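**Student:** Residue numbers (the working numbering), protein chains in the order written: chain W, 1 to 161; chain A, 1 to 155.
Note that these hints are calculated values from the structure, not bench results. Heads up, a few of these hints could be off.
EDC-like mimics (lysine to aspartate or glutamate), calculated; alpha carbons at most 16 angstroms apart, straight line [stated by the list, open to error]:
1) K39/A / D78/W
2) K39/A / E58/W
3) K90/A / E58/W
Covered stretches of chain A, going by a simulated chain W footprint (3 or more residues, C-beta under 8 angstroms) [what the hints assert, rightly or not]:
4) 48–60
5) 66–80
6) 113–126
Please read these numbers as outputs of a predicted model, since none were measured by experiment. Heads up, the beta-carbon is just placed ideally off N, CA and C, and yes, glycines get one too.
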Amino acid sequence: MTVITCPNPLLRTYNTGSSETSIGLQKIIESTINDLRQAISWSRACEPLEVLRETYSECADNDWDGYGAKAMTAATYDEAIRFLNSLPSNVPLPEIIPEPSGEIGFEWNNGINKILAASVGGTNMITYAGILGKSNKAHGTEIFNDSTPANILENIKRIYQ
Amino acid sequence: MTRHLQIFSRILNVFTNRKLPDDAVSPSERISRYFVQKKGRCSTLKNTVSYGAFMPPPNLRESVYRTTNKPSAEIWEIGELFVAKPMSEKVGKIKTIQGRADITAVQIMNKKGLDVSPDTEPHPFHANIIGWPEAKDEQKMLAVELANEASLHLK
Chain W
1 MTVITCPNPL LRTYNTGSSE TSIGLQKIIE STINDLRQAI SWSRACEPLE
51 VLRETYSECA DNDWDGYGAK AMTAATYDEA IRFLNSLPSN VPLPEIIPEP
101 SGEIGFEWNN GINKILAASV GGTNMITYAG ILGKSNKAHG TEIFNDSTPA
151 NILENIKRIY Q
Chain A
1 MTRHLQIFSR ILNVFTNRKL PDDAVSPSER ISRYFVQKKG RCSTLKNTVS
51 YGAFMPPPNL RESVYRTTNK PSAEIWEIGE LFVAKPMSEK VGKIKTIQGR
101 ADITAVQIMN KKGLDVSPDT EPHPFHANII GWPEAKDEQK MLAVELANEA
151 SLHLK
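The whole structure should be built from the sequences, with the hints applied where relevant.
**Tutor:** What follows is the structure, given as structure tokens:
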């Protein structure tokens, strides 16, 4: 059986089949995806990926900020793409934050006392911290296995309540 | 004798409202953190400071300036001369100050472990935010808290 999946149309399809039919089908799906990318809502979703790409190219060398920041690695960039890719469509898109540690951060900011920050560094771990309302803070780490951890999603939800 | 002169000088400075650069930072002082790029440092749309503006560098000494009572033009000039210019030379690209995050020293000192330590290089009113924890999630928590309380000033 051939399985062609596209968990998020922003990136790529995965094809477990190798037959001509399967490859043909994958091409059709990819072509459809490219067409859909032109749609307004999808263009909006592509924006963080574009910012991410720019950020990576600007921060690929050590000391990119003049304060001794560490370079962003390809593994970090790849993980950041996968993290963005894993966000459900109903989650607001985050701002991309280059961090001096070489990690790529994401910020959801809904005003005073409603901020959540999360970052990846190519180690399958997400570091997060947030102010989730007055006198309500949370920070820690979560394992990242290509799906947004429930705890992070819950915290994002609280930011926008 | 020297000790007495130092005390006298300090008293005089209190009366003349003049701060010696190497004085301990007073809680009411305004502390400015400059940035040379808006991306990841602030949101111009929401007029907010991003936590990225306060994430500490690898040496955990975050460079800031003491800007209390300084006129606006001088504050920006300090940023251009002592932050943007050396940074431009270091990275080989022209950088200019895009904005700054202002916060009072007490707001920094109230955060777990953080302090503002005077460091008169490269400028008499330069200082560092010190006392950052090693754990990244704790660093992030503090940076988020500082950003939450800081005010954004765009050039």
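**Student:** So, for every hint listed, does it hold in this structure?
**Tutor:** Structure-based check of each hint:
For a cut-off of 16 angstroms, the pair hint linking K39/A to D78/W is broken: about 20 angstroms separates their Cα positions. For the hint pairing K39/A with E58/W, the CA-to-CA distance comes to about 11 angstroms; that is within 16 angstroms, so the pair holds. A threshold of 16 angstroms between alpha carbons decides the hint, and for K90/A with E58/W the separation of about 15 angstroms falls inside it, so the pair holds. With 9 residues bearing a CB less than 8 angstroms from a CB of chain W, the segment 48–60 of chain A meets the requirement of three and the coverage assertion stands.
Counting residues of the segment 66–80 of chain A whose beta carbon lies closer than 8 angstroms to any beta carbon of chain W gives 0, which falls short of the minimum of three for the stated coverage. For the segment 113–126 of chain A, the stated coverage by chain W is violated: 0 residues have a C-beta nearer than 8 angstroms to a C-beta of that chain, whereas at least 3 were required.
Checked against the numbered hints above, the structure violates hints 1, 5, 6; every other hint is satisfied.
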